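If you want the building blocks of each chain, they are given just below.
Protein chains: 2
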Amino acid sequence: MPKIVVHEERRRELADAVLSLAAREGVGSVTTRGVAEESGWSIGVLNHYFGSRHELLHAGLLRASELQYAAYDAILGAADTTALDKLHALTACVLPLDERRLAMTRVFLFFYAEGTASEDARTRIADLLGKWRTLVRDVLVAATREGGLPADLDARTAALHLTALTDGLALEAVLDPEVMEAIHQPEAVARVVDTVRSPAGRSRA
Amino acid sequence: MPKIVVHEERRRELADAVLSLAAREGVGSVTTRGVAEESGWSIGVLNHYFGSRHELLHAGLLRASELQYAAYDAILGAADTTALDKLHALTACVLPLDERRLAMTRVFLFFYAEGTASEDARTRIADLLGKWRTLVRDVLVAATREGGLPADLDARTAALHLTALTDGLALEAVLDPEVMEAIHQPEAVARVVDTVRSPAGRSRA
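Chains as they are written, first to last, in the working numbering: chain L, 9 to 213; chain A, 9 to 213.
No wet-lab data here; the hints were simulated from the structure.
As the structure is a prediction and not an experimental result, all values here were calculated from the model.
The C-beta atom is built at its ideal place from N, Cα and C for all residues, glycine as well.
There could be a bad hint or two in this list.
Pulled from the structure, derived: some chain A residues nowhere near chain L, Cβ distances all over 10 Å [what the hints assert, rightly or not]:
#1 SER28
#2 ILE83
#3 GLY155
EDC-like mimics (lysine to aspartate or glutamate), calculated; alpha carbons at most 16 Å apart, straight line [what the hints assert, rightly or not]:
#4 LYS139/A - GLU186/A
#5 LYS139/A - ASP81/A
#6 LYS139/L - GLU74/L
#7 LYS139/L - ASP81/L
#8 LYS139/L - GLU186/A
#9 LYS139/A - GLU74/L
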């Protein structure tokens with residue numbers, strides 16, 4: 009393999025170790041030593057790729073975003089599904105309904121908090137949030153065209169609300185067992201998506 | 009004043025200094041030394057009241073919750089307002105629409121992240137979230153009785169969604185200028201409350 013590919017693979021492998029560690033033991037366990045043990049690579053190798061604990065955590069955030077976007081792409085690219093089905097899948101894909109998504113939510117929550125102290129982290133989070141809203145808005149527009157949602161839907165407000173509601177539920181579920189139980193109910197995802205069918209999400213004259 | 013009252017007053021004064029500091033310079037600046045400078049008390053006095061930086065931050069969280077509940081009480085106790093008006097006021101009171109509420113949101117976001125690492129912080133956050141949902145649910149029930157909201161409202165789901173949406177918007181607004189701008193629009197709070205008028209918040213047979 010060309011050297012650059014090996015480097016990229018190693019970086020990804022180390023970033024995956026950051027995520028596994030964060031998922032299993034919390035973000036506090038993500039240290040150069042911890043990731044070295046988790047990945048099987050030496051501290052020397054770790055230091056070669058990441059100059060600080062902060063860079064390690066950043067690599068974890070980027071990897072989490074990358075995995076999240078791969079999941080979105082798979083949903084958006086699915087054949088024979090309506091836009092409304094895609095909206096359900098996109099919503100479910102952000103809620104911590106299994107270990108993988110729980111790990112993601114923990115990592116994102118950590119970076120949300122980081123974002124109040126670091127302008128770099130804040131910009132990255134804002135960028136991710138903006139992309140997520142745009143993606144959901146496009147699917148909302150497609151769903152109105154297909155007749156799955158009311159034609160007078162204000163897609164911009166509906167996207168703002170649906171992503172913030174999903175985000176709020178995801179973050180709260182990590183902390184509050186009642187919210188975790190609520191999002192695991194059979195119709196929970198459908199009800200979250202149904203909130204866009206309110207007067208709040210309609211165009212106003 | 010009895011000694012215990014002086015103690016309580018001093019604790020509150022120091023906790024207020026924690027919040028001012030967190031609001032102005034971020035939670036990272038909340039150290040024993042920083043709070044000593046902010047409050048004008050010596051590090052010795054600080055150490056007498058709070059054994060560690062963690063205890064200082066906890067005092068800040070408790071004070072933020074206390075202030076939040078005082079704001080809720082003022083809203084709930086207001087005469088000549090409908091339950092629906094109270095719902096609007098409760099929602100506005102959580103969104104970071106001024107410096108005070110922005111500081112609160114920053115402090116809560118810090119403790120949300122803490123809650124993924126500390127069981128003690130997690131329990132406190134879950135307790136606060138549970139109380140907030142119950143309070144909003146009671147006002148939703150009152151609004152249906154008054155005819156301000158549909159009689160078949162599922163107050164439990166509507167309260168879960170409304171609090172999570174408000175929470176999500178508040179946290180995202182701290183990080184993302186687009187969300188901050190959106191919640192400052194003239195009808196933003198009304199539209200957030202309007203989301204409960206969707207099929208998601210109706211009782212199902």
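Hints and how they fare:
no., hint, in the structure
1, SER28, "15 Å, holds"
2, ILE83, "21 Å, holds"
3, GLY155, "16 Å, holds"
4, LYS139/A - GLU186/A, "30 Å, violated"
5, LYS139/A - ASP81/A, "13 Å, holds"
6, LYS139/L - GLU74/L, "12 Å, holds"
7, LYS139/L - ASP81/L, "13 Å, holds"
8, LYS139/L - GLU186/A, "12 Å, holds"
9, LYS139/A - GLU74/L, "36 Å, violated"
Violated hints, in rising order: 4, 9; the structure is consistent with all others.
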